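Participant: Letter by letter, the chains look like this.
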Amino acid sequence: MSEAAAIPAELAEASSARLTWLRFKRHRLALWAAGFLLVSYIVVGLCEFFAPYDPNWRNPRAIFAPPQEIHFFDHEGNFHLRPFVYGYELNINPETWVREYTEDPSRRYPLKFFSVGQEYEFWNLFNANLHLVTVEDGQYMHLFGTDALGRDIFSRVIYGGRVSMSLGLIGVVLTLFLGILFGGLAGYLGGWVDSLVQRAIEVIQSIPTLPLWMAMSAALPPHWSPIGIYFGLTVILSFIMWTGLAREVRGRFLAMRKEDFVVAARLLGASQMRIIFKHMLPSFTSHIITIATLAIPGMILAETALSFLGIGLRPPVVSWGVLLQQAQNYQVIVLTPWLLIPGLFVILVVIAFNLVGDGMRDAADPYGGRH
Amino acid sequence: MANYIIRRLLTMIPTLLVISLVVFILIQLPPGDIITSTLESMRQQGMEASDEQIEALKAQYNLDKSMPMQYLHWLFNFVQGDMGYSIKYQQPVNTLIWERMGYTVIIAIASLLFTWALSIPIGIYSAVRQYGWGDYFFTIVGLLGLATPNFLLALVLMYFGYTWFGVSVGGLFSPELAEAPWSWEKFVDLLAHLWIPMIVIGTAGTASIIRILRANLLDELSKPYVTTARAKGVRPIKLVFKYPVRVAISPFISTIGWLLPSLISADAIVSIVLNLPTTGPLMLQALLSQDMYLAGSFLMLLSILTVVGMLLSDILLAIVDPRIRYE
Chain A
1 MSEAAAIPAE LAEASSARLT WLRFKRHRLA LWAAGFLLVS YIVVGLCEFF APYDPNWRNP
61 RAIFAPPQEI HFFDHEGNFH LRPFVYGYEL NINPETWVRE YTEDPSRRYP LKFFSVGQEY
121 EFWNLFNANL HLVTVEDGQY MHLFGTDALG RDIFSRVIYG GRVSMSLGLI GVVLTLFLGI
181 LFGGLAGYLG GWVDSLVQRA IEVIQSIPTL PLWMAMSAAL PPHWSPIGIY FGLTVILSFI
241 MWTGLAREVR GRFLAMRKED FVVAARLLGA SQMRIIFKHM LPSFTSHIIT IATLAIPGMI
301 LAETALSFLG IGLRPPVVSW GVLLQQAQNY QVIVLTPWLL IPGLFVILVV IAFNLVGDGM
361 RDAADPYGGR H
Chain B
372 MANYIIRRLL TMIPTLLVIS LVVFILIQLP PGDIITSTLE SMRQQGMEAS DEQIEALKAQ
432 YNLDKSMPMQ YLHWLFNFVQ GDMGYSIKYQ QPVNTLIWER MGYTVIIAIA SLLFTWALSI
492 PIGIYSAVRQ YGWGDYFFTI VGLLGLATPN FLLALVLMYF GYTWFGVSVG GLFSPELAEA
552 PWSWEKFVDL LAHLWIPMIV IGTAGTASII RILRANLLDE LSKPYVTTAR AKGVRPIKLV
612 FKYPVRVAIS PFISTIGWLL PSLISADAIV SIVLNLPTTG PLMLQALLSQ DMYLAGSFLM
672 LLSILTVVGM LLSDILLAIV DPRIRYE
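So the sequences go chain by chain: A and B.
In terms of the numbering used here, the first sequence opens at residue 1 and continues consecutively.
In terms of the numbering used here, the second sequence opens at residue 372 and continues consecutively.
Treat the hints as calculated values from the structure; they're not laboratory data.
Every value quoted in this text rests on a predicted model; they were computed, and no experiment measured them.
Just to be clear, a hint being listed does not mean it is correct.
Computed spacing ranges between beta-carbons, pair by pair [unchecked claim]:
no., chain 1, residue 1, chain 2, residue 2, range
1, B, T534, A, A14, 23 to 31 Å
2, A, K258, B, Y460, 36 to 44 Å
3, A, V193, B, M440, 29 to 37 Å
Covered, in the sense of this in silico footprint (three residues per stretch, anywhere, with C-beta under 8 Å from a C-beta of chain A), are these stretches of chain B [said to hold, decoys possible]:
no., segment
4, 601 to 607
5, 640 to 647
6, 664 to 671
All C-beta atoms in this analysis are idealised placements derived from N, C-alpha and C, irrespective of residue type, glycine included.
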């Protein structure tokens, strides 16, 4: 009793959502990660604006060009308030025939913020040409370098993020749907439905995931449109991912059927629907959201792996996996290590989702003891 | 005990049957079949197949029968050890598959041992020194390992192997020994190459095992018997290792069950990057060229491997923990 008395009045009356949020806020890393994800989704959502170039635009003057550095001081040591990049000077190594780019101090390309650049079609809705940062027409800026065709990797990473990160979200929605449906049916109905779902889960979980994904995505008809392949892949990924969630939901339902408040509701004559949706589901939504958050990185990693192997998304679709496909052997990486930059973003996003999921797991049970 | 094992073996059979059905459906999914691709290659060589030849081909591959009959044929042949014929390699699947399966098993087991060898000490350390700098350090490293796609780690290792040591790190053997018969020298060479895939595949599972062990051990350490022992003045080392670690580790036997599928998955993609002679690269080739009998056999064998692995881990668990046998 003395403990309850110590809780401030503000906390004693707070709703469970508020308690969850207060707990989540204590998890500093998770908060930062959530902020990072929010910014990332805004950037990839508005990628036409944030990317300086069209992902398929080729710069013939910069093929396999290394990342440019942003300077504030020029080579004579003068400070410029407006940051700039230097143009490339291209030399072909006479012995190895390798292209070698060096900075050319005579060509200074100042960055222009919120200015007019390449025209694009925003969300297929209207044409615009405003970009966050560009350089003057006829000059170029490749902050992450370029690939074999002279395409800007910085822009491609942003556009690829739109595909990879949205695929994770859509896939998780599907996974949630399947997992809650089958897990809920099994847990609530029990009996033969339960054993059927359980056996199905066992079968799916005992086939090694990646080979199964490989076989299924190889079966996607090659003549499908990129959008079709995209959704096909999402369905395939969720088809395997739902099993873990279903197990969890089933377990929760089974455990909760015997809880006092559920029994009380039943004895008071509440309908089944009311018991499920009003009493049972809310008490573990936070857990479901947590599991879903932790499932998203798995989706992103799976897409990356499949596309990397050439059996997931295919060019001209730009995704992080498709981008990494260019870095398939180490000779390429030794010469052009910047092709691995998309991998860095995969890692960052996956870590961020894991941290947010961890924070949510700790916060999911606002009435539990402190950990 | 024997009773338990028999019961587990019997439940395996329906699981494997359903898996075989799933695999068969997957084999049939891609458009086109053996006949169309054979006819195509004949036409390219300027040969026209007569109707009788086509019928003969169909009969040879049982394609003139209904789908369920085809499935049964495939299943019975598979059970008898005949996995069909690879069109791409013009060889029976059997001759292509076994050596590669062997390497997959070797790499998976090596990675499993590596994962344990790495994560058990770290997990114990992190629990004993909870919230110490080491705990945070390993949490971050573990998170990195979890978040880095296997193939990316393999690529980065290859990159550093090349730029720092000037060696190419792919393959399982040095080129001059790859075709040589087995000898002590070749075995040592295998070990010298095995560590890269072992590390790459092993790191992915390490993070989650560290976490589980840390949580288990923390639960155990907060129990009254540990407090009592501490109050009695038991040495700290003994305090941790005598009972809590043993209790916290016992669920690890069951990790074989869920670790094995992920190890095999990781093995598939890492082998493709590192060019290892395991099942992964051949299966990818088979899928890309729609050599579906080959691909299907791989999928089926890898699934059997997983199911048997789960069975073994269940039996081990039953030996260690008598409560499970009588459930």
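Participant: Any hints from earlier that this structure breaks? Give me their numbers in increasing order, please.
Facilitator: 1, 2, 4
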